[in-house]
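Enquirer: Listed below, chain by chain, are the residues.
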Amino acid sequence: MAAVTNFEQFVKRVLEIVFWVLILVPMVIIPIFFVVYVLPVEFSCHFSMLSCSQQINWSAALYLFSPAELNPFSPTSFISQMGLGANSMIFKSSFFPGISFAAILSSFVIWYERKLLAKMQYRVGPQYAGRVEGWLQSFADLFKLMFKEIVIPVNADAPFFMGVPFALMALSGALLAVIPISANIYITSSPYSLLIALAVLSIFPLVTVLAGWASANKFSFIGGIRALYQMISYEIPFILSVVGIVILSGGTFSLSQIVGAQGRVWFVIPMILGAIVFYITAMAELERIPFDLPEADSEIVAGWLTEYTSMTFGVINLATYIKLYGLSALFTILFLGGWNGPAPIPGALWFMIKTIIVITLFLIPRGAFGRIRIDQLIGFGWLWLIGLSFANIFIAVVLKATGIL
Amino acid sequence: MTNIVTGSFQALWAALRQLPRKRMTMQYPDVQTQMANYYTYDPKLGVAKAGYKGRHILWLDKCTGCQLCSIACENIAQAIEMVKVPSVAKPQNKKTLFPQVDYAKCVFCGLCVDACPFYALGMTEDFNLVSTSKKALVYSPEKLAIPPNVTRKKVEFKIENGEAYHD
Amino acid sequence: MSMGVGSAFSTEKISEDKMSISVGPQHPGAGHFRFTVTIDGDTIVDCVPDPGYVHRGAEKQTEYRSFLQSIPMLERSSLTDVTNIIMPFSMAAEELMGIQIPPRAQYLRMIMSENQRILSHLYWLGIQGIFLGHSTVFMWPLGDRELFIDLGQMIGGARITYSYAIPGGVRNDMPDDFKDRALKVFDYFEARLKDYEKIFFNNPLVLKRTQDVGVLPRAEAIKLGVVGQTLRASGVKSDTRIDEPYNFYKDLNFEVPTYESCDTWARCMVHLVEMRQSMDIMRQCLEKLPQGPVRVKLSPQQRAQAGEAYARVEASRGALSFHIISEGSTKPYRVKISVPSFRNLIALPRLLIGSHVADMPAIYWSLDYWPVEADR
Chain U
0 MAAVTNFEQF VKRVLEIVFW VLILVPMVII PIFFVVYVLP VEFSCHFSML
50 SCSQQINWSA ALYLFSPAEL NPFSPTSFIS QMGLGANSMI FKSSFFPGIS
100 FAAILSSFVI WYERKLLAKM QYRVGPQYAG RVEGWLQSFA DLFKLMFKEI
150 VIPVNADAPF FMGVPFALMA LSGALLAVIP ISANIYITSS PYSLLIALAV
200 LSIFPLVTVL AGWASANKFS FIGGIRALYQ MISYEIPFIL SVVGIVILSG
250 GTFSLSQIVG AQGRVWFVIP MILGAIVFYI TAMAELERIP FDLPEADSEI
300 VAGWLTEYTS MTFGVINLAT YIKLYGLSAL FTILFLGGWN GPAPIPGALW
350 FMIKTIIVIT LFLIPRGAFG RIRIDQLIGF GWLWLIGLSF ANIFIAVVLK
400 ATGIL
Chain E
0 MTNIVTGSFQ ALWAALRQLP RKRMTMQYPD VQTQMANYYT YDPKLGVAKA
50 GYKGRHILWL DKCTGCQLCS IACENIAQAI EMVKVPSVAK PQNKKTLFPQ
100 VDYAKCVFCG LCVDACPFYA LGMTEDFNLV STSKKALVYS PEKLAIPPNV
150 TRKKVEFKIE NGEAYHD
Chain R
0 MSMGVGSAFS TEKISEDKMS ISVGPQHPGA GHFRFTVTID GDTIVDCVPD
50 PGYVHRGAEK QTEYRSFLQS IPMLERSSLT DVTNIIMPFS MAAEELMGIQ
100 IPPRAQYLRM IMSENQRILS HLYWLGIQGI FLGHSTVFMW PLGDRELFID
150 LGQMIGGARI TYSYAIPGGV RNDMPDDFKD RALKVFDYFE ARLKDYEKIF
200 FNNPLVLKRT QDVGVLPRAE AIKLGVVGQT LRASGVKSDT RIDEPYNFYK
250 DLNFEVPTYE SCDTWARCMV HLVEMRQSMD IMRQCLEKLP QGPVRVKLSP
300 QQRAQAGEAY ARVEASRGAL SFHIISEGST KPYRVKISVP SFRNLIALPR
350 LLIGSHVADM PAIYWSLDYW PVEADR
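Protein chains in written order, with numbering that gives the first Met the number 0: chain U, 0 to 404; chain E, 0 to 166; chain R, 0 to 375.
Bound-form chain U, shown alone:
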């Protein structure tokens, strides 16, 4: 079409630099900062002869005399008084249980998926990166991707094209922000956290269509439209399957209280239909096989991801796997009782164990099924799944009205 002008090249260059800065700072620099500076200091109260509580009492006493000054001798340290400690928002959102934790967990989930799939296909999977069974393979892949060139096609809409990886990462992060890991560990808590999670999940199809359109490629466009059809038609059964949970837990939308209501029995037992519907629609939201039509690589090369090259591709894939972790965490909280479990193991560890089991359940159908076609997929979603989720709501209402649960 038109020749590339100097201004467009400049815009492209600026966008690339901004991209690298915005990716490297929260994913690499901030975690290193936390690991090197904050964690040793935060846990340094264990290295002195006084116990941690005695140290806090002393520093509280000192604080009484000089309240306006920062106290460098206190074990709740200098850094946490500046707002960067282990309980601060920046620590929680970018380190644990936020983006870095989710990103590292997702990298291991990618390795785990490749190994699991290989075992089902009598292969070995990754075996060279890292001595034991190739456990560092995803890090090797991300590292390799950093060295490739970011290619923005000439006809593509550069700001929207480069904005899509950020948007996806931000949405995945927003999904994680409302999901609590245990009764005390959460990034934010809100009485409407379930609604926020569902709302964030409905923005994903818009970003996907934007990626398909901004790539200026016939195949990407087809992929984007298919993704839109698929995700939007599976939003409705997704939301309906959760309504039964809300009814059973007394009308609350807060995820912490939903876990609290599962003290006696996990909701997967009475709400088994809802669990099945949630599972199937979550696979459609995640574009996993058997629903990976938008990325069908035998027909439309790679669908809406075709034109994304190096780290943009890496970031989009990472955002997809963080979304997988987020949806598995949501399944665990809604149906499997969250962090409830027998005493000696802490609640957060139970949560992780259950989430990893749910992630395995999401990964397994990739080894046994092929893709289904777009019209069959939409028929299935609108007809069967909505019917099953209404049956589920009926069961929930009956159980609540008769006072069984």
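Rather than coming from a laboratory, the hints here were simulated on the basis of the structure.
Quick reminder that beta carbons are idealized off the backbone N, C-alpha and C, glycines included.
Heads up, a few of these hints could be off.
Derived CB-CB ranges, DEER-like [as the list claims (entries may be wrong)]:
1) E:151 with R:17: 53 to 61 Å
2) R:149 with E:42: 23 to 31 Å
3) U:21 with R:31: 41 to 49 Å
4) R:186 with E:152: 26 to 34 Å
5) E:160 with R:259: 38 to 46 Å
6) U:250 with R:39: 43 to 51 Å
7) R:349 with E:131: 46 to 54 Å
8) E:35 with R:329: 29 to 37 Å
9) E:131 with R:186: 41 to 49 Å
10) U:231 with E:28: 48 to 56 Å
11) E:28 with R:186: 27 to 35 Å
Put chains E and R on the given structure of chain U with help from the hints.
Expert: Just chains E and R now, kept in the frame of chain U:
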């Protein structure tokens, strides 16, 4: 409807059953499978003996320089050329003409072996003929006369208890 | 729309609502073959195939080589079906040279031919799986293929292109441990086929993708002149091994599978039944194998008598035939090859027009079109 559900569970079970089985993968650069050595041709009987068709082996004591191997290869790959090798003097080959094989062109069909009337040419199990230059792929007659030396560990492709694996 | 080459290369917009996509040679869904489809929403309205990307002039090249020297060149046309593509050439050449090959050679040719059929069908199954998005059905057949490649290597001496069935018989005899190994492989593979049925042939999602998709009714199949699995899946009992038996097929006991549903699923099932049948035929051949010589001694530049000869075999994809015209010299005057892939190509536009875009790879590959063989 029930067919769909039972069919899906059977498909999942067929995939999950493979998890405890042994892998079929052969760790190739470290190991290779055992193959029969020395594909040769018997001109009196007119039939060849089964063997793996890899790199050639030339028995210098038998070759008379008759060029039949080179003529056979002419319309196939033109990989064999006769060269004079003055350092190898044999009573049956006074002109010291011996074949040299260019492995950049050879297709390993073995029809040269089938053309030799003097039991002089065979093919061995050595298939790993990589090199970094095309010149190094032209094997002179003396190089062809060296028996193959495969140093990799050999494994067998076993079938036992319903599993197939390399060991 | 005309079948002209110009329309296949044009990239202009055809009309406001139709889009033209070139499923070209560098596409994960096509192999070395280009075809252009015009789509209107989700339906394909036109398809123009454009073969010839890998044409090497094989027919012309046989005029410069003697009969024996053409074999390595011809067998590389059809990599998954090596023995079957040179067998009619050898049979026609033997007719022209006026020789009769010994029975043991014919049995060995049958064994290698059926081995090749299993190899070809497993590769077909792998790619059919990947076109439907099913990566496990890609990995399993290509892994199980290794066992049969190993069997071929015990006899032929190479993994893929062995140049085994030459004019005059076969090149070498079978080694002694072949029979035990082959029977072990067959037992293992028949147990594996049950897993294949569960994960592919009876998998409900695959059934949804392949049943009633790409239906080729019986009358049209006969009218278009398709061969092989496409014909048998449309209900026509046609197999060269039974209609015009060669080698010793008339002494063996096997049936031709036909299905009435004429759709993609029927073509898949025909492949499955033929794999089982091939193993059965190999078992019978190994039982009945007579002793004796395997090769008639011919010179590499053997002269053929003047005349014509025609031979047809049932290759893995359908009926393959060679027609050789010789003028009494060591090189043939003209060789005409008729391959099943090219014959089935005419069914491709007929089946694709009117179907969904997503069905394109499933239908295309179920016709078992091998571009290199079709272009020769």
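Enquirer: Hint by hint, work out which the structure violates, then give me just those numbers in ascending order.
Expert: none
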